[in-house]
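Undergrad: Protein chains in written order, with the working numbering: chain H, 1476 to 1769; chain B, 8 to 296.
No wet-lab data here; the hints were simulated from the structure.
Predicted model only: the values in this text are computed from it and were never measured.
Pairs of lysine to any residue residues, derived as SDA-like cross-links and limited to a Cα-Cα distance of at most 25 angstroms, are as follows: (1) B/Lys144 - H/Leu1765; (2) H/Lys1666 - B/Val159; (3) B/Lys162 - B/Thr145; (4) H/Lys1764 - B/Ser227; (5) B/Lys144 - B/Ser227; (6) H/Lys1666 - B/Arg185; (7) B/Lys54 - B/Asp114.
Derived coverage of chain B by chain H (criterion: at least 3 residues anywhere in the stretch with Cβ under 8 angstroms from a Cβ of chain H; other residues may be distant): (8) 150-160; (9) 203-216.
Note that beta-carbon positions come from the ideal geometry of N, C-alpha and C, so glycine has one too.
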Amino acid sequence: MNKRKERLIKYLFTALAFSSLVFLIGIVLVLFKEALPIFGKVSLKAFLLGESWYPTSEPPEFGILPLILASLWVTLGALVICVPIGVGSALYLHELAGPRQRAILKPVIEILASVPSIVYGFFGMVILSPFLQDTFELPIGLCALTTSIILGVMATPTVASIAEDALSYVPRSFREASFAVGADRWQTLTKVIIPAAGSGISTAIILGMSRAIGETMTVLMVAGGAAVIPHSVFDPVRPMTAAIAAEMGEAPVGSDHYNALFAIALILFLITFVFNIAAEFISRRFRLKLGLSR
Amino acid sequence: MHNVDYEKQPGMENFHPSLVKGPVGINMNYMGEADVFGPEAKISARKVNFYYGAKRALNNINISFSPRRVTAIIGPSGCGKSTFIRLINRMHELVPGTRFEGEILIDGLDILSPACDAAELRKRVGMVFQKPNPFPKTVFENVAYGLEVNGVTDKHLIEEKVVDSLKKAALWGEIKDRLKDSALGLSGGQQQRLCIARCLAVSPEVILFDEPCASLDPISTAKIEELILTLKKEYTIVIVTHNMQQAARVSDNTAFFLMGDLIETGRTDRIFKAPRDKRTEDYITGRFG
Ligand SMILES: Nc1ncnc2c1ncn2[C@@H]1O[C@H](COP(=O)(O)OP(=O)(O)OP(=O)(O)O)[C@@H](O)[C@H]1O
Ligand SMILES: [Mg+2]
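All chains, full assembly: derive it from the sequences and hints.
TA: Right, here's the structure in full:
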């Protein structure tokens, strides 16, 4: 009786643990199934490199290059914001902050991470966008720059907390060894601690990118929505996530447009998948390098 | 620290001058007891107290270390051995909330005074830790690190120093073809000798060892001990150890700490043969918790 119960529990937890795998496979299968029909109509090359996205025109055009470039463009912009702020905060927290500053800053960063994206979007629409519009005398405030700034702020906590973890994994003994041969604090930081934590910090940056490129609600609200190839940071753009979110409701189920949107989702999935694999790979090497898991 | 007739000093009955190489003098320590150290103390601690926050870890420590001698510091866990030797190169400054009183003189200058630059001091007083702690860099970079942070830019000089230090650390033969490999790929014993080489590269005068063999196998331990015996020709060495045999094998003088107090110091053979304090005797004979 007892033994049967034990076995049952074991199976239950195994099943629960593997359910994530089932979800993942399910998602990938659905993405492929719904996306593939579009490639009967448009070649993969025309789809990826086509410069016009007019899915509802007659005849429709399914080129998603503007959407891909928009996503990359705003993500790159977000990095310009979140890398210095995130890595800087991590270094400050780890190196300079006293217990009191840490006790304030760490929760603040965590709260920043838990603000719902619609709140960020709202902030971008109502405050940041009019401000940028006035400052740079733009025809429209909802543009790549606004999006990048908001996404950068959103990704900052991810970068900061993972980078801080990476720094704290660097064994104390490295610091002692460095000081013991006469290095000062700055030398210890730049020559020992940052190089030792380097790949962990790269992981933080990649996961931050992954966060930015997958963000939907904010982007839908502040990016401006124009599906044209961006030429400057002030252009309104239509990143992939925004296109899917905005158009899915109008695309008749099973139509070419519907399939094309799934294909965009598939590509987005592949991009974030690659990011995450890279992050995992780098962080595994990082732990190996520090002798943490051998 | 004058040269006096050592045999007339109290406690010197067991002392045979023939056992000591080089000039010998008497160094009165602050317990009023004479012990044989070198000609002139390299390091003297005077009335040193140390606190972690409110917790007192060292009580009125008075001790001298002779140049080109090995002094072993022994005592049960938590008695303040590490705390004491970390004061000698001011590593205690890395721990927030600590405080000291008293002075430690090296060549007559108080190294604990704010006027003394900690980085400069640490170049003169190197340290080897309990667990080998090479950086995740190449073997070469590890040894060159100290030179680099001290502003040496001459490539030839660095190379020369690295080779020289590896040779002194008895590692060169094993490692000369692996200079560009990661230091983390070495065995524990090799890593520890690499750490010794890293410390030698900045030309210290004093080397502090905090249980350098604690994580090593007997063969690596023997190599490190042998190395310590060669290094003492040039350097003043202080070694913390839990291993009585090791203290007896490598050291000239021994100091016994107990609960933050320095109980007894003296020549190693004397301490082991005829400890004066009951507590020292209990500890070295293993009758002690
Ligand atoms: N960072 C610290 N903060 C507070 N107390 C400390 C700290 N480091 C050491 N102590 C305390 O100071 C005392 C002496 O510690 P120390 O590490 O010097 O002992 P030790 O003789 O080196 O012991 P072991 O043989 O275990 O290494 C101990 O009671 C210890 O708990
Ligand atoms: Mg210790």
